[in-house]
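Make a model of the complete structure from these sequences and hints.
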Amino acid sequence: MKRLSKYRRHRAAAPLLLIIALLGIGTTFSVASATPNKSSLALARSAIIEEGKQIFLKGCSSCHGLNAEGGAIAPSLIGVGAASVDFQVATGRMPMADMSTQAMRKAPVYSPQEVAALAAYVASLAPGPEIPGDELLNYERDGSVAEGGELFRNNCAMCHNFAGQGGALTQGKYAPTVMGVEPVHIYEAMITGPQSMPVFSDKIITPEEKLSIIKWIKSAEAEPALGGASLGRVGPVTEGLLVWTLGIGILIGVAVWLAMKAR
Amino acid sequence: MAHDLETIDDPGIPPHVHRKTDTDPIAAKKAERQVAILFLLSALGTILFIVSYIAIPDDIFVFLPIMGSTNAHQLFLGLGLAFSLFFIGMGAIHWAKTLMPDNEVTVQRHEFRSVDDDRREFVKTAKEGASAAGLGRRSLIKRSLGLSLGLVGLSPLLLLRDLGPLPGDSLNKTSWKAGTRLVTDPGDRPIKPEDLEVGAVAQVLPAMLPGQDHRTLSDIGKDAVLLIRLRPEEFNLDAERLSWTHEGIIAFSKICSHMGCAVALYEQQTKHLLCPCHQSTFDVTRAAKVLFGPAARPLPQLALALDAEGYLVAKQPFNEAVGPSFWERSS
Numbered sequence: 001m002k003r004l005s006k007y008r009r010h011r012a013a014a015p016l017l018l019i020i021a022l023l024g025i026g027t028t029f030s031v032a033s034a035t036p037n038k039s040s041l042a043l044a045r046s047a048i049i050e051e052g053k054q055i056f057l058k059g060c061s062s063c064h065g066l067n068a069e070g071g072a073i074a075p076s077l078i079g080v081g082a083a084s085v086d087f088q089v090a091t092g093r094m095p096m097a098d099m100s101t102q103a104m105r106k107a108p109v110y111s112p113q114e115v116a117a118l119a120a121y122v123a124s125l126a127p128g129p130e131i132p133g134d135e136l137l138n139y140e141r142d143g144s145v146a147e148g149g150e151l152f153r154n155n156c157a158m159c160h161n162f163a164g165q166g167g168a169l170t171q172g173k174y175a176p177t178v179m180g181v182e183p184v185h186i187y188e189a190m191i192t193g194p195q196s197m198p199v200f201s202d203k204i205i206t207p208e209e210k211l212s213i214i215k216w217i218k219s220a221e222a223e224p225a226l227g228g229a230s231l232g233r234v235g236p237v238t239e240g241l242l243v244w245t246l247g248i249g250i251l252i253g254v255a256v257w258l259a260m261k262a263r
Numbered sequence: 001m002a003h004d005l006e007t008i009d010d011p012g013i014p015p016h017v018h019r020k021t022d023t024d025p026i027a028a029k030k031a032e033r034q035v036a037i038l039f040l041l042s043a044l045g046t047i048l049f050i051v052s053y054i055a056i057p058d059d060i061f062v063f064l065p066i067m068g069s070t071n072a073h074q075l076f077l078g079l080g081l082a083f084s085l086f087f088i089g090m091g092a093i094h095w096a097k098t099l100m101p102d103n104e105v106t107v108q109r110h111e112f113r114s115v116d117d118d119r120r121e122f123v124k125t126a127k128e129g130a131s132a133a134g135l136g137r138r139s140l141i142k143r144s145l146g147l148s149l150g151l152v153g154l155s156p157l158l159l160l161r162d163l164g165p166l167p168g169d170s171l172n173k174t175s176w177k178a179g180t181r182l183v184t185d186p187g188d189r190p191i192k193p194e195d196l197e198v199g200a201v202a203q204v205l206p207a208m209l210p211g212q213d214h215r216t217l218s219d220i221g222k223d224a225v226l227l228i229r230l231r232p233e234e235f236n237l238d239a240e241r242l243s244w245t246h247e248g249i250i251a252f253s254k255i256c257s258h259m260g261c262a263v264a265l266y267e268q269q270t271k272h273l274l275c276p277c278h279q280s281t282f283d284v285t286r287a288a289k290v291l292f293g294p295a296a297r298p299l300p301q302l303a304l305a306l307d308a309e310g311y312l313v314a315k316q317p318f319n320e321a322v323g324p325s326f327w328e329r330s331s
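Residue numbers (UniProt numbering), protein chains in the order written: chain A, 1 to 263; chain B, 1 to 331.
These aren't lab readings, by the way, just hints derived from the structure by calculation.
Here the structure is a predicted model, which means the values were calculated and not measured.
C-beta atoms are modelled at their ideal positions from N, C-alpha and C, and glycine is treated no differently.
Each hint should be verified, as a subset may be incorrect.
Stated by the list, open to error - Calculated lysine-lysine pairs in the PhoX-like style (CA-CA distance at most 20 Å, straight line):
(1) Lys271(B) with Lys261(A)
(2) Lys177(B) with Lys192(B)
(3) Lys203(A) with Lys20(B)
(4) Lys261(A) with Lys20(B)
(5) Lys173(A) with Lys192(B)
What the hints assert, rightly or not - Just a few of them, taken from the derived set where beta-carbon distance is under 7 Å, the chain B residues facing chain A:
(6) His16
(7) Arg19
(8) Pro65
(9) Pro167
(10) Asp185
(11) Asp195
(12) Glu267
As structure tokens, this is what we get:
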């Protein structure tokens with residue numbers, strides 16, 4: 001303290017104190033009012049959109065067009081919304097590996113940050129379905145398995161199978177399995193209707209009902225296979241195939257041994 | 001044209017080949033041991049069954065190569081029972097084949113007719129019995145017995161009544177009337193056109209009547225409808241059918257015109273409706289025209305309108321019977 005007080009009459013003491021005081025007030029104020037101002041938020045947002053645009057131009061525009069207006073081989077992305085981009089890109093369906101009948105689920109090409117940037121860019125083109133927030137996806141807390149099961153059987157089971165294992169559509173297309181799909185992607189699929197799937201509007205299946213469907217899917221996923229091999233849980237086809245080949249094969253073997261004369 | 005057939009001598013029975021166990025005592029002893037081992041395996045299987053019933057908790061899962069994660073309790077119960085039953089049978093068969101007598105016996109075939117004396121004796125006994133019971137004399141008993149036996153024979157015929165009653169015109173009618181609201185299934189919420197985006201579908205049922213608190217399955221089986229929204233310019237319909245749609249919203253019976261399965265696999269991109277049972281494919285843009293599969297008729301289309309509050313309602317009942325063909329079907 002003594003050493004500091006020696007300098008109190010120094011020429012620089014007053015301006016230095018002023019600067020320290022100003023800095024202190026400024027820091028205190030900015031910490032106390034933690035919300036950053038709107039213009040800087042918008043600035044960060046437009047930076048993300050710009051980043052998304054750059055990714056889009058490199059990775060997507062060759063099919064979807066330089067302005068996402070679509071082309072001969074790919075649909076317009078104007079108005080599809082962030083939810084659609086998040087579903088297609090984060091599950092690896094886009095970019096497509098080849099121009100086959102169906103974009104398949106595979107390891108995603110882009111990182112979550114890049115997906116978010118792409119989604120922000122496409123959402124900036126025109127309003128569309130947004131990525132559902134965590135409060136809509138808390139299936140562990142909210143929702144009802146029984147209600148979800150009834151909704152699933154009425155709205156989803158015809159394509160995705162009664163146990164959610166997926167099923168065939170026409171001409172090589174298929175409804176994929178819903179087992180092991182992240183809740184956010186199940187939700188996005190329902191509100192955006194990717195590929196062959198129709199849209200399930202919020203007025204037809206309310207957000208609470210969508211959560212119940214997710215809850216049912218997660219409970220079906222956790223269902224243990226008490227009998228061992230579940231054979232894909234697709235019902236009589238695989239079970240019948242196994243019985244007709246393995247079961248009857250064993251019976252034929254036994255019958256041959258029965259009729260064989262002992263030597 | 002007659003052939004001179006060359007007669008072939010009866011070759012007789014091939015010589016009997018004795019088993020090794022018949023001639024070699026060591027082989028017989030070996031076979032005996034094999035049978036005993038098979039029975040012991042069966043006994044072990046039963047012990048495994050008992051032990052796994054008592055000792056293995058039913059929430060333990062073990063991993064098996066092809067089977068995947070398997071419940072240990074069920075697995076060992078099953079294996080134990082299979083071993084105990086299979087090896088009893090296998091032991092018995094092995095015993096019979098290797099050690100039990102191996103004599104070949106020739107049995108001559110004869111006519112299955114009884115000798116004439118026995119036949120005469122039977123007729124005589126039957127006649128004596130009948131006359132002793134007095135069937136010929138006591139006609140009251142004879143007739144009342146005939147009545148009771150006849151009525152017993154009638155009772156199964158009466159049960160055939162349960163095959164009916166005839167459906168009448170119930171197959172031609174559904175619960176849809178002019179002005180019936182379309183409500184979500186499940187949820188029973190009425191639907192406004194703006195609730196459906198382009199590309200959206202809704203599974204709908206007719207709104208319940210006042211005082212009705214549930215629907216019967218036989219009603220749902222006729223009333224189920226699929227609501228689909230397209231862009232209006234995607235339709236390729238005649239003027240009447242176009243007037244049955246509303247701003248691109250079109251409704252079809254969900255009951256397949258082939259075998260009555262629920263046709264609800266809607267492919268949003270191709271606008272095709274697919275029946276999961278026999279792959280009948282319908283084109284939504286052309287009033288559910290059949291594109292592929294065994295269905296012979298398009299799905300019946302439900303005419304749509306709006307009520308005063310702006311909810312979707314049926315403009316009129318279905319104009320034809322929904323579901324598969326039946327004999328009395330008019331179209």
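ask   = Against the structure shown, which of the earlier numbered hints fail to hold, in ascending order?
value = The structure conflicts with hints 1, 3, 5, 6, 8, 9, although it agrees with all the remaining ones.
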